[in-house]
Amino acid sequence: MRKFLVVLDDSRECLNAMRFAAMRAAHTGAGVEILAVIPPEEFNHWIGVGDLMREEQRERIQAHFEVFAKWMRDKQGIDPELVIREGEPADEIIAQVRDDPAIGVLVLGAATGKKGPGPLVTQLSRTAGSLPIPITIVPGDLSKERLEAIT
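Read in order, the letters of the sequence shown correspond to residues 1 to 151 in full-length UniProt numbering.
These are calculated hints, taken from the structure and not from any lab test.
There could be a bad hint or two in this list.
To be verified - Heads up, simulated BS3-like pairs for lysine-lysine below, C-alpha to C-alpha not over 25 Å straight-line:
1) Lys-115 x Lys-144
2) Lys-70 x Lys-3
3) Lys-75 x Lys-3
4) Lys-144 x Lys-114
5) Lys-114 x Lys-3
6) Lys-115 x Lys-70
7) Lys-3 x Lys-144
Working from the sequences, and respecting the hints, build out all of it.
Structure (structure tokens):
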């Protein structure tokens, strides 16, 4: 089964990317894989603290995932899977795409502020030509109704 890969983070635009991925998956018989990336710790010499912080991040990611997963199951009939990786976000996204051949589309949400679309969209757009799958960039300010019409 083909899957849409969507990135779970704390950005506002993440919500539209999640909605888009779930609605497209529901309409095309695909699945959704949600990727959360824990960035590398700055203080590796504080191993005990770093381990505790990493575990807290995993718990927070799991709770955040459950909110999206419940909506996807209840509203779209999609049962998403969660993947958590550690490292630099753009590198880990590319690695996940290469590690999972079932992923057919990467879905990213674009920020709407004056600072541009966001670091992930900017970084991954630069390497889009060498990725083995297409990237769909979902504007962060699309309404729910417009997203439904598009998908």
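**Q.** Structure versus earlier hints, numbers of those that do not hold, lowest first
**A.** 5, 6
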